[in-house]
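K.L.:
Okay, here's what each chain looks like letter by letter:
4 protein chains.
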Amino acid sequence: MANTFGHLFRITTWGESHGGGVGVVVDGCPPRLALSEADIQPDLDRRRPGQSKIVTPRKETDTVQILSGTFEGLTLGTPIAMWVKNEDARSEAYSEMATKFRPSHADYTYQAKYGIRAWPGGGRSSARETIGRVAAGAVAKKLLRERFGVEILACVSQVQNLQAAVNPETLQLSAVESNIVRCPDAAVAAQMIQLIEQRRAEGDSVGGIVLGVARGVPPGWGEPVFDRLEADLGKAMLSLPASKGFDIGSGFNAIRLTGREHNDAFRNVGGRVRTLTNRSGGVQGGISNGETIYFRVAFKPVATIMHEQETVDAQFQNTTLKGRGRHDPCVLPRAVPMVEAMTALVLADHALRHRAQCG
Amino acid sequence: MANTFGHLFRITTWGESHGGGVGVVVDGCPPRLALSEADIQPDLDRRRPGQSKIVTPRKETDTVQILSGTFEGLTLGTPIAMWVKNEDARSEAYSEMATKFRPSHADYTYQAKYGIRAWPGGGRSSARETIGRVAAGAVAKKLLRERFGVEILACVSQVQNLQAAVNPETLQLSAVESNIVRCPDAAVAAQMIQLIEQRRAEGDSVGGIVLGVARGVPPGWGEPVFDRLEADLGKAMLSLPASKGFDIGSGFNAIRLTGREHNDAFRNVGGRVRTLTNRSGGVQGGISNGETIYFRVAFKPVATIMHEQETVDAQFQNTTLKGRGRHDPCVLPRAVPMVEAMTALVLADHALRHRAQCG
Amino acid sequence: MANTFGHLFRITTWGESHGGGVGVVVDGCPPRLALSEADIQPDLDRRRPGQSKIVTPRKETDTVQILSGTFEGLTLGTPIAMWVKNEDARSEAYSEMATKFRPSHADYTYQAKYGIRAWPGGGRSSARETIGRVAAGAVAKKLLRERFGVEILACVSQVQNLQAAVNPETLQLSAVESNIVRCPDAAVAAQMIQLIEQRRAEGDSVGGIVLGVARGVPPGWGEPVFDRLEADLGKAMLSLPASKGFDIGSGFNAIRLTGREHNDAFRNVGGRVRTLTNRSGGVQGGISNGETIYFRVAFKPVATIMHEQETVDAQFQNTTLKGRGRHDPCVLPRAVPMVEAMTALVLADHALRHRAQCG
Amino acid sequence: MANTFGHLFRITTWGESHGGGVGVVVDGCPPRLALSEADIQPDLDRRRPGQSKIVTPRKETDTVQILSGTFEGLTLGTPIAMWVKNEDARSEAYSEMATKFRPSHADYTYQAKYGIRAWPGGGRSSARETIGRVAAGAVAKKLLRERFGVEILACVSQVQNLQAAVNPETLQLSAVESNIVRCPDAAVAAQMIQLIEQRRAEGDSVGGIVLGVARGVPPGWGEPVFDRLEADLGKAMLSLPASKGFDIGSGFNAIRLTGREHNDAFRNVGGRVRTLTNRSGGVQGGISNGETIYFRVAFKPVATIMHEQETVDAQFQNTTLKGRGRHDPCVLPRAVPMVEAMTALVLADHALRHRAQCG
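So the sequence lines, in the order shown, correspond to chains A, B, C and D.
Going by the numbering used here, the letters in the first sequence line up with residues 4 to 362, in that order.
Going by the numbering used here, the letters in the second sequence line up with residues 4 to 362, in that order.
Going by the numbering used here, the letters in the third sequence line up with residues 4 to 362, in that order.
Going by the numbering used here, the letters in the fourth sequence line up with residues 4 to 362, in that order.
FYI, nobody ran anything at the bench for these hints, they're computed from the structure.
This structure is a prediction, so every number in the text was calculated from the model and none was measured.
Heads up, some of the hints might be wrong.
For chains that are exact copies, the list does not tell them apart, and a pair is met inside one copy or across any two.
[To be verified] Straight line, CA to CA, 25 Å or less: simulated SDA-like cross-link-like pairs of lysine to any residue:
1. K325 - L260
2. K145 - I196
3. K56 - Q163
4. K88 - S39
5. K56 - H21
6. K56 - N271
Model the full assembly from the supplied sequences, consistent with the hints where possible.
P.N.:
So, in structure tokens, the structure goes:
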């Protein structure tokens, strides 16, 4: 529970923003998968702060080290421990964060729950925790690709009111990585970047949508009734910092259609059962139907802004707090590898679960 | 996994649409809670088909029986087994459902996964499975109300394009139950009912939104990092049949605001830490902050319609299928007790989890 | 937890001695296994009270009913719910058990834990709870036999000081079932029966040892480091009522040997890796090595005796209590199917777990 | 599963004998417990090889580092990651272990299961894995002592045929630590040491018994029906390397007594319910009864001996193998802190579980 995700392909993350480091233990990975740090580091680099002008400038190299679970370049079937040392432990001996709760952050709720919190950098609630997820997700992506032929992708599809048209069937990683906002629609991407820079100049921030895609999932993954694919994907995405919503396939837009307009007709296409449309988003009754899985994740605007805001202090007295220092106007480009990672973790788990019961 | 939900307040449901019955085992309920069938039956009656003209006419009394876990009217701390016998096992000796996959149902995916399926009534994928959830949810609601002072509510807030204005702070059960569509806004409810009747007449169906509300949750429930309240609520809701989306607080609407517009300022109100707005939906960093929790669940239009549709048969040959018999144009009124139940199950679990670690 | 056992082949039992019934939900069973009540009932009959003169005369037919999870005689992959109705709910309106704690029973500890207990028949702590285990174990045994070629057996090998010589390699069910004490050594069995009858005549009771055996387990089942086969088998056996000890292979006798005397040498026998001796009991490093798995379970003498004993009442006042009514001098013959069931549950779970990670 | 133990106080260990290191993540520890490396290191020193002349001379300082989960000397309620770097990675470029399976070790079964193994030092099956357990156990012991008044102890009570008389009620840590074999009976301890030295001189090894004790556990911990205290303790102990058996209270000796001889009479002693004898070992019906919990763990003789033994190589060809280098004639003194750690982990978990459901 709590800091563990998955049942058969299962990860446990640990670490605070300013402690010794952050890391993850991956348990249940099948043996004999070729794996080294070179398979992990690229996704950590995509997640890293400071990679472009539109994300937080926090400077960390975030170099991953595999501590266990591999031998001569292959996984052993034993726990894969990976970690990244914390480097940017800036002296914050005096910080308003120690005594005031940042609005729409987790400072107050951690204090209310535990009676203590690691205030520097947000402690456990820092997005730095997602390093462990992204590292583990890189393993899951490799497993899915090499053993099951499944491809995982994600991209930014909306920033505030700027919407890109993205086709889950044809989305390519190269298009995602072709610009710093990770939106495959070049024209809209340019507008998004401009908008984010404007918000940064205003000391403000934006939210938006990340689209997640899984292609090549065979029919039959996902377990009724509680561990439906969409339920596990939803939980995975809603466990990401700043996420506020999730929908799959037609999602919230489904409600404007009638059943007649919405249903996906089945057809035999080349000997395989296909649906003519894919409003189901690749999942029916909680189980994959062989079509492309796609879903949206809504991220709220970043809570840290460079404006004075009303809040209370540790003694619950009214006060104000103004963000200072590093300002991250938009988490979306960095959320893309997080969404990929969580998608891969859900699917790797269900791949093994399906094999266990029906293999 | 799979058919079990929750960690400390934990349920396992079982049963197919046309087998011996459907039921649930509730494990982990605290002892000495007054409990009898009279606490369970009302919610089952609200979930039951045939309760009004706008839902499916399937005739079942759905009378619950408690088989274990209580003694002299009090819970024992041991598993509470409850079940409802299947009564409506109509002879369907000849049925197209045995040989054809209903579009946008789970027939094909169950067959693909298991190589077998209980086709009568949809088997395990039937909404009848939710009887166990609703029964267990009634126990959880009682526990939350009597031991923790928490109130759970839900209502229909949208049918296709008809949107009601509902205030989570003031929503009352009596208003929800004042009409058959379970929308507290009487004027919009009347329109909704009219729309649903029209769709039924057309042999078609509608979807919409159920709003879920939890009031009185103290600060501190929910566990970072994976078992955030919103993640567990999201999973719970997305495990309901026909659900396609979930968002909490400002949700998908958050993305149109800037951080400055979106943040919830803290204020000391009468000695308690409160937020002036509640775009967070009562949860920050995955942990309750003492404000009202509210969220939306999107349900697609019912897949069974009275029109001929393209599909394939068990041999993957193209064919058509026309719905016949019972027609449920709108699942939303019956989804209201389901959403309440799943909300209660998540919160009862987290109430116990919080007490375990921080109590 | 608590009332659930197993991870992938997973059971949840419910029921008190005198409530509506006792039952089990089996989740995770692979689909398309032929299954009907006829596969379950024989083991329940072997577990049933009143089957011979040396066990408790409680009269119950214990007729099992499968409520879900099968269709046309095959498992569906969905939860298999099974139950046995309680019939022997004798009026015990006045019973000393309601107000006094039976020595070496669970009356006091249940009361201390929960502040309430179902005193008739011992409630949840009654051996009647094992009906669910035995029913589920029958499914697991069938799965292991038909899909994995694994055979599960158990027998009584010791009653008080009477020890039988049993060879795990050659033990046969027919020999076990050839006498009412379920000891394959006919000569010792006769002495055991005589001893048990003598103890019954004295109003006293006996304990002993049940030997468990699994043959045909391939190399590779079991998971380091916590879910070693012997750890999971040990937990399974120690969760049975009245069990006090468990050892595997050489077990407690291993400590008298030196390493040189104890080690099992490896040899290539017909192309397979075998051990010349089997002091390891078929498990090395927590993982099966292909040899026969065998272990011992120690059961204490039955706590209910027909003598006056010192105890306290519900107000913690000193008093005495004398057993009356049904007297079960020896639980061992009925424990044999329980040990088989728990063995099968552990191995079925690990069979699926192995397939998931390494399949 | 597998590398995770516990439900609410939950640990995940990782690491191979010769990889980057070994470690543990402790999840679920309550917040605001004073904790630093100084609380952990002493138990690691007791577990460490090379601490005396009768255990393995492998030279490792095993210095623990806490990487997360504490802030200013207090636990945060977040995961506590701890690790020990591997230092003794001696070049074993040429080793027979790479190509031959050591008898009664886990080399063959790991290879059979995973198709790969980290042969240096035994990889994951090395006793080095228990570093994580002992570190986590030190946290659990502190929690139990400071928050629940529970004391955990263990000692060596038998080496081969040399049996010490140990009273669980009066056992003291100082007596355990007064000699290198960790047996509180000084006279027998001297004999044990002499025997172990003799076996070492012979290139052979011994096994024996470790007694585990928990004092001060209140009535009510432990959960029927599967997670009985003795079941969870049994699993914990049987998950330790080289353990072959477990019994609690009267254990295997119970079987020689009749029920009349064996039952523990209840008496009111100073207002508390006590038992006059404690053959139950502090647990009845799976739940603690307030008496001292005590149990025995049987360890087989160490498998590595300095004699040539028959075995097979990686190609399953018959060959021989002779142990060389470091020789550990007796694991028992080092097993004492392991037994303490596992006992503490089980009880900390059940302390929280009891509080969750009945608190």
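K.L.:
Now look at each hint and say whether the structure bears it out.
P.N.:
Do the hints match the structure? See the list:
no. : hint        : verdict
1   : K325 - L260 : between (45 Å within a copy, 19 Å between copies)
2   : K145 - I196 : neither (31 Å within a copy, 51 Å between copies)
3   : K56 - Q163  : within (18 Å within a copy, 42 Å between copies)
4   : K88 - S39   : both (17 Å within a copy, 19 Å between copies)
5   : K56 - H21   : within (24 Å within a copy, 42 Å between copies)
6   : K56 - N271  : neither (49 Å within a copy, 38 Å between copies)
The structure is inconsistent with the numbered hints 2 and 6, although it conforms to all the rest.
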